[in-house]
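Novice: So for the sequence shown, the working numbering puts the first residue at 307; every next one is plus one.
FYI, nobody ran anything at the bench for these hints, they're computed from the structure.
Mixed in with the good hints, there may be bad ones.
Said to hold, decoys possible - Straight-line Cα separation of at most 25 angstroms, BS3-like style, residue types lysine-lysine; simulated pairs:
(1) Lys405 / Lys485
(2) Lys505 / Lys321
(3) Lys405 / Lys473
(4) Lys485 / Lys506
(5) Lys485 / Lys321
(6) Lys473 / Lys506
(7) Lys485 / Lys505
(8) Lys473 / Lys485
(9) Lys473 / Lys505
(10) Lys505 / Lys350
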Amino acid sequence: ERLRKCQASPTSTQKALTYNPREIIALAAASYYCDRYLNDLSGKPANNSPIIVLHETVGSANSVISFFQEFHYDEDNQASYHTLITLDGTIIYFVPPDKRAFGAGNSVFVSSLGQEAVQTNPHYPRSVNNFAYHISLETPEDGMHNGYTHSGYTDAQYQSLAWLVAKTNVPLERITTHKIVDLSGSRIDPRSFDLNVFKKILSTYPRSNEIEIGCTLPATDKKKAKQ
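Construct the complete structure from the given sequences, taking the supplied hints into account.
Specialist: This is how it looks when you write it as structure tokens:
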């Protein structure tokens, strides 16, 4: 009886090897992203290693999809993510990983190298957007407010997040949150995120470079770079 119970309950690693989330491509309107820059405003190479910034929607997944499909000329309404993970674990791709999403204005990532940020527009402050991959979690129903906590995220969301992050091969020390990188002091997302749960699940997934974050050079430029 005990043996049957053990066989009926797969380990976390076994689950990771068989986990296959639903994936949807819902490309955002062109106003929500741009190319990543090879140099900053002063001409200095912008070669920061990628980071992952976690967010939450504070709205339904459907409302986010609708918002991102509408072209906005006003730059103040062009906030975006690369991907969204819904409550049932579905992964929705909005912005290609080699493009720059507008997920964290006026922001900086603090690492062992110091403060990391890139300014590419004289009218806006430096930010992490040029080297960030932005992932948002759909907020649960009891979190549609401006309070500091809610009931948290589903197991399916943590599984899909770990599955996705593992494919970027971004190290744990370069995974952060909107709250941490934000310099305005107004961002608190993702609220009620359990980092320990995420780390435990992430450790069960094999790492790969399937998702390449950063500038993708044309084939001709790649040949020149090798010469």
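Novice: Is it true that the CA of Lys505 sits at most 25 angstroms from the CA of Lys321?
Specialist: holds (15 angstroms)
Novice: Lys485 and Lys506 were given as a pair; does the straight-line alpha-carbon distance stay at or below 25 angstroms?
Specialist: holds (22 angstroms)
Novice: Please work out if Lys405 and Lys485 have their alpha carbons no farther apart than 25 angstroms.
Specialist: This hinted pair holds, its Cα atoms lying about 22 angstroms apart.
Novice: For Lys505 and Lys350, compute the direct alpha-carbon distance and say whether it is at most 25 angstroms.
Specialist: violated (34 angstroms)
Novice: With the threshold set at 25 angstroms, check whether the alpha-carbon distance from Lys485 to Lys321 stays at or below it.
Specialist: The given pair, whose Cα atoms are some 31 angstroms apart, is violated under the 25 angstroms limit.
Novice: Are the Cα positions of Lys473 and Lys485 separated by 25 angstroms at most?
Specialist: Holds. Lys473 to Lys485 sits at ~24 angstroms (cutoff 25 angstroms).
Novice: Would the hint linking Lys473 and Lys506 be met if the CA-CA limit is 25 angstroms?
Specialist: At roughly 16 angstroms apart (the allowed maximum being 25 angstroms), Lys506 and Lys473 satisfy the hint.
Novice: Would the pair Lys405 and Lys473 pass a check requiring their Cα atoms to be no farther apart than 25 angstroms?
Specialist: holds (17 angstroms)
Novice: Taken at face value, is the distance from the CA of Lys505 to the CA of Lys485 at most 25 angstroms?
Specialist: holds (18 angstroms)
Novice: Would you check the hint for Lys473 and Lys505, treating anything up to 25 angstroms between C-alpha atoms as holding?
Specialist: holds (15 angstroms)
The structure is inconsistent with the numbered hints 5, 10, although it conforms to all the rest.
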